[in-house]
Amino acid sequence: MTEPIVQVSPIWAILAPIAVLLFALAAAALNGALVAQSAGRPFRSGASAPLGQVARLLRQRRQVTVAADVLLWRIGAGGLVVVTFLKILVIPLGPWTLADLGVGVVWFNTMDVMIWALFWLIGWGANSAHALVGGYRFLSLAVSYELPLMFALIAPAVAAQSLRVGDVVAAQHDLWFVIWMPVAFVIFCGSVIAFSSWGPFATGAGRDIAGGFLVDVSGVDRLLILTGRYAVLTAGAAFAVPLFLGGGGGPLLPDWLWTIVKTALVLAAFVAIRHRVPTIRPDRFAEVAWIIVLPAALLQVLVVALIAVGG
Amino acid sequence: MLVDILFWGLAVVAVASGVTVFVVDSMARATYALAVSFIAVGIMLVMVGLEYIGIITILMMVMEMAIMAVYMVMYMGMNPALLPMDMTHSKRWSAVLATGTFVLLAAGILLIPWPARVGAPAVDLVTSLGEAIMGPKMLAMLTISPVLFATIIAGLVIANPRGRYDRWGDNLKRGTPNDPIRGGLGR
Amino acid sequence: MGVTSVLARWASANVHVLIVEVPGGEQWRMLLETELDRRGWTVALSPADADLFAVCGVPGKELRAASDFLWNQMPGPRSRVAVTTSLALPALLDAAVAHLVDDSLQRAEARARSRSTAAETPKSHIQEHESVSHEGMDHGDMDMQGPGGIPLAGGGDDRDGLEMDVLNVPLGPLLPHWPAGLVVDCVLQGDVIVSAQARILDAPFAPGYAPNKESSQVKMPDEDAHQRTVRLCDHASNVLALAGWQTAAQEARRLRNDLLSNDVPQEAHATNSATAIDRLRRRVERSMLLRWSLKNLSLRGTGSGADANPLTPNPTGYGDVRNRLVGWLTEASTLTGTPSAQQSPVASLSDRAQEAQRALAALPELLVGTDLGTARLLIAGLGLDIAALVQAHERAHD
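Chains as they are written, first to last, in the working numbering: chain A, 45 to 355; chain B, 309 to 495; chain C, 571 to 968.
Isolated chain A, as found in the complex (with noise of 0.2 Å):
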C-alpha cells in the first residue's frame, strides 16, 4: 500500500540532482560496458569508461568555428542538464516530492519541450553543415513523436482523473496502468528515448552525418549534452514509474527503494535497446508515427476514457 504523496522542504532539492547524475553515471556505466561486450573485451573494462570520458573531456579545450552563434550554443549545451532538474521537481521517490504541483504531468512535459529548443540550439550555435543537419533531424523527430506523448501522458491523468502525479499514482493501488493501458505505456517510452536522443532515435547526432550536433562540441560542453542525454533518460525513466508502473508500490520493501529499483529497472532497458535495435530514420519514421502511432494513441485514451467513465 503506498503512502499518500507529500511535499518535503526544498532543502533536500541539493540531494536531487546528486541522485540524477549518480543514476545517469550508473547509466553511462551500462552502456559502456556493453559496448566493450560487444567489441569482446571484458565488461569491466567498459564500465569504467564513464569516469575516462569525464576526465578527458574536462581536460580538453573548447573548440571554436568561425563565426559560431557563442550564446545560443553555450545555452544549448548547458540547458539540457538545467531541464532535467527542472523535470525530476515533480517526480516522487517514494512518498516524498519536491513540487506537488497540481499539473505535475504537464510539467514535465513542458520541460520535454524545451529540449526541442536545446539540441536545435546546439546544431545552429556551430555554424556548422553537418551540426546544423543534426539538429534539424531531431527537430524533424520531435514532431513526430511530440503528440503520441501528449496522449499517451493524458492517459493516466484521465484515468486518475487530475494532473497531479500524487494522485496518478493513488489511483493505482489496485492494478498498476501499465497493465491496462500497454500502448501509452510503449509510447511514453519510445518518446523518452526519442525526447534523450538516444538508441534507436538518434539520428541527430548519428555516425551518417559525422556526429551530427556533436560534429564540433568539445570539452566541457561535450561533457555537459553527453550528461545531460543520460540525464534526461534517467528523469524519463523516473517519471515512467510514478506514471505506469504504481509508483512506490510493492511488496517488502519501503516505497522509497521500489521506485529506485523500478526506476534502475526501466532505465537498464533503455541503455539496453540501443544496442538491439538499428537507429531509425526521422524521414521514415514520420508517416509511420503519424499513421499507425497517433491513432493507437487516440484508441488508447479513447478506451481509457471509457473505463474511467464507466468504471
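Some clues are possibly wrong.
Said to hold, decoys possible - Only pairs whose alpha carbons sit at most 25 Å apart, straight line, appear in this in silico SDA-like list of lysine to any residue:
hint : chain 1 : residue 1 : chain 2 : residue 2
1    : C       : 865       : B       : 474
2    : C       : 865       : A       : 335
3    : C       : 865       : B       : 484
4    : C       : 865       : B       : 470
5    : C       : 865       : A       : 126
It is worth saying that the hints were derived from the structure and are not from the lab.
On the provided structure of chain A, position chains B and C as indicated by the hints.
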C-alpha cells in the same frame, strides 16, 4: 513582497525580451528572445493562480519557437545569419498605432471602476473560468476546434502543388507513390 | 599536481583517435583499428571529438594539406602519429599517450598555438570591407560579407519551387566510414544534394597491398581470397555503422580484425570465422528494421526516387544497398569457409580498378535528390576500392 518583486521583474523581462526581438541581428536570436518573453508571461500566469494555463503557455510557445526555426530557414534566406537586419517596416505609422493602442488600454485599465470581489475565489479556478467564458456555448466551443483543425488541414491540402494524380498516376493505379523521397510506409 | 595527473591518467584509458587513410594504406588503417579495439580506444567522428591524430600511409600533397587543416582544427590536448609500418604500433601509441598525458608539454603547445592564431586573425580583412559602407541599405546586398568574412550563400529554387540557400559542401576526404581519398563536392539545399561531383585526391605512391608484411616485399597486384574477405567485412562494417546499427558494425569489425590477424588460417579458425560471418549475415537478413531503413536505396544510376524505370541502363550493375550488404557477407563467409583457396587470386587489379571507375562515374548521378544520410549510405554501398584505382593508375604510368 517577494511575490510583487518577482512579478514586476518578470514583467520587465517579458517587455525587454520582446524589444530584443526587433533589436538583435539574427533571426535565431530573435526567435528565442520571443520564447523568453513568452516564458516570462507563462510564469506570471502561474503566479496569478492559473497554473495549467501558464504551464501550457510555456509548452506551446517553446514548441512554436522550435517549429518557427524550421520555417525561418525555409523562407528567410540569409537573415538567419548574424547580419545587421532591420525587422521594422512603416516605422512612423506603426509607432503611432502602437502608442495609441497602449494609451487606450492603459487608460481603460486605470480609469474603469472595476467591481470589488464578491465572495472567495473558486476552488478550481480553471474550471470556473472555463465555464464562465464558454458555459452556455460549450457545444459550439467543442465543435469549433475540430472544425478549425480541419480547415487548416484542408487549406494545406489545397495549397499543395502536388496532388493525388501527380503521386499516384492518372488512373490512381500506381503501385507506390511518386515522391522525391520515399516515406516510411510507401503510402 | 595531484588532481590533474589523476585526470590525465583516467583520460588516457580511452583515447579518441582521428584516422586519416591514404589510398593504399587500408592495411595499416585496419591494423590500427585492431590495436584500438584491443585497447578499448574509440575512433573519433570529427576533429572536435579526437585526442590523437593518426595518418595511415604517406599522403600526397593535397591529402597532406587536408590533414594539416584537420590537425589545426583539433582542440588540445592533442598528439599526432604517422602509421607507416605495422611493426611497433603499440609502442607508437604508447608514446603518443605519454605525450598526451604530459600536462606541461600540452600547455606549452597550447600557448604557442594561441600566439600563432592571434597573429593571423582575419579581422583586418573585415575592416577593409566595412569601410566601403552601404548607406541606406536596409535589406543588405548580395555581395555583402557575412559574419567571419565568409560570403553569404546565394539562393536557388529547390525541388518544391521554394527559394532556398545554396550551400557548397565538400564531403571528404575525412569522414567516418568514408572511402579513402575521395572528395565529393556537393551542392546542398537544406540537406538535399542538388548536384555532386566526385574526385580523388592524389597519392604519389601507393605502397601496395602487402599482407601483414613490410612494403618492401613483392607487390601483389591480384587480390587473393583472404584480402578480399577482409575488405568485404570492412565494407559491411561501414554500411552497418552508417545505417545506425552500431552493434552489428562492431561485430563485423571484430570479424575483420580476427581475419586480419590470422592471415594463414588453420582449418579450425577458418570454420569458426565462416560460421561467425554467416551468423552475422543471418542476423542482418532477419532484421526487419534494417530492411525498412534501407528499403529502395537503389544503386542503379537512375538518380532519386522510388520510381526506378527498369528500362534505363544500370551502369553500376548493383542492386540496392541491403542486397549488396548481404551479398558481401555471404561471399565473405563462402571464401573463408574454403581455407585451401586462401592464397589464390580472386580478383585482378585491372578488374577491381575498372569496377571502381564505373562506380565512381555513376556516383554523381546517383546522389542527386538524396539527403545527406542517404548519400552516405549509397556511397558506402558502392564499396569503392580507391586503392585499386590509384594503383592501376600508377601501374599504367610506370
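Structure-based check of each hint:
1. Of the pairs offered as hints, the one joining residue 865(C) and residue 474(B) holds, with about 22 Å between alpha carbons and a cut-off of 25 Å not exceeded.
2. At roughly 19 Å between alpha-carbon atoms, residue 865(C) and residue 335(A) fall within 25 Å of each other, so this suggested pair holds.
3. In summary, the hint linking residue 865(C) to residue 484(B) is supported, as the alpha carbons are separated by about 13 Å, within the 25 Å threshold.
4. A distance of roughly 24 Å separates the Cα atoms of residue 865(C) and residue 470(B); the hinted pair therefore holds under the 25 Å criterion.
5. Using a Cα cut-off of 25 Å, the hinted pair residue 865(C) and residue 126(A) is violated, with the two alpha carbons roughly 40 Å apart.
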